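A.B. asks: One letter stands for each residue in the lines below.
There are 2 protein chains.
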Amino acid sequence: MQQQISVITLAVSDLERSRRFYTDGFGWTPVFENEEIVFYQMNGFVLGTWLKARLEDDMGRGLHSPGAFTLAHNVSSEDQAKVVMDRLAGAGGRILLEPAAPPHGGIRGYIADPDDHTWEIAFNPAWPIDENGHVTFGAS
Amino acid sequence: MQQQISVITLAVSDLERSRRFYTDGFGWTPVFENEEIVFYQMNGFVLGTWLKARLEDDMGRGLHSPGAFTLAHNVSSEDQAKVVMDRLAGAGGRILLEPAAPPHGGIRGYIADPDDHTWEIAFNPAWPIDENGHVTFGAS
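Just so you know, the sequences run in chain order C and W.
Those letters in the first sequence? Residues 1 to 140, per this note's numbering, in order.
Those letters in the second sequence? Residues 1 to 140, per this note's numbering, in order.
Careful: at least some of the hints might be erroneous.
Given that identical chains are not distinguished, each listed pair holds provided it fits within a single copy or across any two copies.
What the hints assert, rightly or not - Straight-line C-alpha distance at most 20 Å; calculated SDA-like pairs for lysine to any residue: (1) Lys82 x Asp58; (2) Lys82 x Gly27; (3) Lys52 x Ala112; (4) Lys82 x Gln3; (5) Lys52 x Asp116; (6) Lys82 x Gly105; (7) Lys82 x Arg17; (8) Lys82 x Thr23; (9) Lys82 x Asp24; (10) Lys52 x Pro66; (11) Lys52 x Leu71; (12) Lys82 x Asn132; (13) Lys52 x Pro103; (14) Lys82 x His104; (15) Lys52 x Gly92; (16) Lys52 x Pro114; (17) Lys52 x Phe32; (18) Lys52 x Ser65; (19) Lys82 x Leu97; (20) Lys52 x Arg20.
Rather than coming from a laboratory, the hints here were simulated on the basis of the structure.
Remember, it's a predicted structure, so these values are computed and weren't measured experimentally.
Bound-form chain C, shown alone (with noise of 0.2 Å):
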């Protein structure tokens, strides 16, 4: 597997205030939004600012602030996900959802390690990773 992490996804409850801090506090450029969510391109990886509700809903569980927030591991296929699931989850990980295809494309499952941070294992071939492991935003 990679040594890579390919999103880090913040909850939010109003897009508007969180761009607002992110595009005039920091100075960045989104390379994506609409009315749910905004992609930040970043240093080899993707930031998204994601209205809570929508990110519960993804996740299946409810999310406390401070600290709702999911990070990301994407791989190379559908059976790629399985896999790696497994062997997070005999590594002491915890299974919060199997990998499953959501309603905005491709598949993935939800993981917490035993701290309880939670990672999205995700197959999302819109999005290419370089050799590096550097993973840029694709419109799917």
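Dock chain W against chain C, hints included.
C.D. replies: Chain W alone, transformed into the frame defined by chain C:
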């Protein structure tokens, strides 16, 4: 400012248990470790797993699980840390800790985004950042 995240730091209660998840589960190799922290060089940034009590000390803030973590944005000078903190505060951020020198070196402050996600704004001359914003672990 670079569109760049330098570090993801996850609070952990048992370093060895966490290490097993990341090394045996994901198959990742630490770039540095001691009795309180394990660092992994990732795709353009650094992942740290740090004993929760030490991260809480550093932040001056108690943390709850799930969600005990901080993101970091490293800047190019001590002065710049203050400039960035003030700019973020003006864009809806809430300062948790003004930039100051911790025992482990460098300069860092903490600020919460509008959804209470914590950002460390740090000057760490030991960790190079290239023109693409890719951050490399360095021993200080």
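A.B. asks: Regarding Lys52 and Pro114, is the shortest C-alpha distance of 20 Å or less found within a copy, between copies, in both, or in neither?
C.D. replies: For Lys52 and Pro114, only the inter-copy Cα distance (13 Å) is at most 20 Å; the intra-copy one is 23 Å.
A.B. asks: 20 Å Cα cut-off: does Lys82 pair with Leu97 within a copy, between copies, both or neither?
C.D. replies: within (11 Å within a copy, 42 Å between copies)
A.B. asks: Within a copy, between copies, both or neither: which one fits Lys52 and Pro66 at a CA-CA cutoff of 20 Å?
C.D. replies: both (12 Å within a copy, 15 Å between copies)
A.B. asks: Could you place Lys82 and Thr23 in one of the four classes (within, between, both, neither) given a Cα distance threshold of 20 Å?
C.D. replies: between (36 Å within a copy, 18 Å between copies)
A.B. asks: Checking Lys82 and His104: alpha-carbon separation at most 20 Å within a copy, between copies, both or neither?
C.D. replies: Classified as within: same-chain Cα gap 19 Å, cross-chain 40 Å, threshold 20 Å.
A.B. asks: Could you figure out if Lys52 and Phe32 sit no more than 20 Å apart (CA to CA) within one copy, between two copies, both or neither?
C.D. replies: For Lys52 and Phe32, the Cα distance is within 20 Å only inside one copy (18 Å; across copies 34 Å).
A.B. asks: Check Lys52 against Leu71 for me: Cα-Cα at most 20 Å, and say if that holds within a copy, between copies, both or neither.
C.D. replies: both (14 Å within a copy, 18 Å between copies)
A.B. asks: When no copy is specified for Lys52 and Ala112, does a C-alpha distance of 20 Å or less occur within a copy, between copies, both, or neither?
C.D. replies: both (18 Å within a copy, 17 Å between copies)
A.B. asks: Reference check for the pair Lys82 and Asp58, CA-CA at most 20 Å: within, between, both, or neither?
C.D. replies: within (17 Å within a copy, 37 Å between copies)
A.B. asks: Check Lys82 against Asp24 for me: Cα-Cα at most 20 Å, and say if that holds within a copy, between copies, both or neither.
C.D. replies: between (40 Å within a copy, 16 Å between copies)
A.B. asks: Are the CA atoms of Lys82 and Gly105 at most 20 Å apart within a copy, between copies, both, or neither?
C.D. replies: within (16 Å within a copy, 42 Å between copies)
A.B. asks: Evaluate Lys52 and Ser65 at a C-alpha cut-off of 20 Å and name the case that applies: within, between, both or neither.
C.D. replies: both (10 Å within a copy, 17 Å between copies)
Hint check: violations occur at hints 7 and 12; the rest are consistent with the structure.
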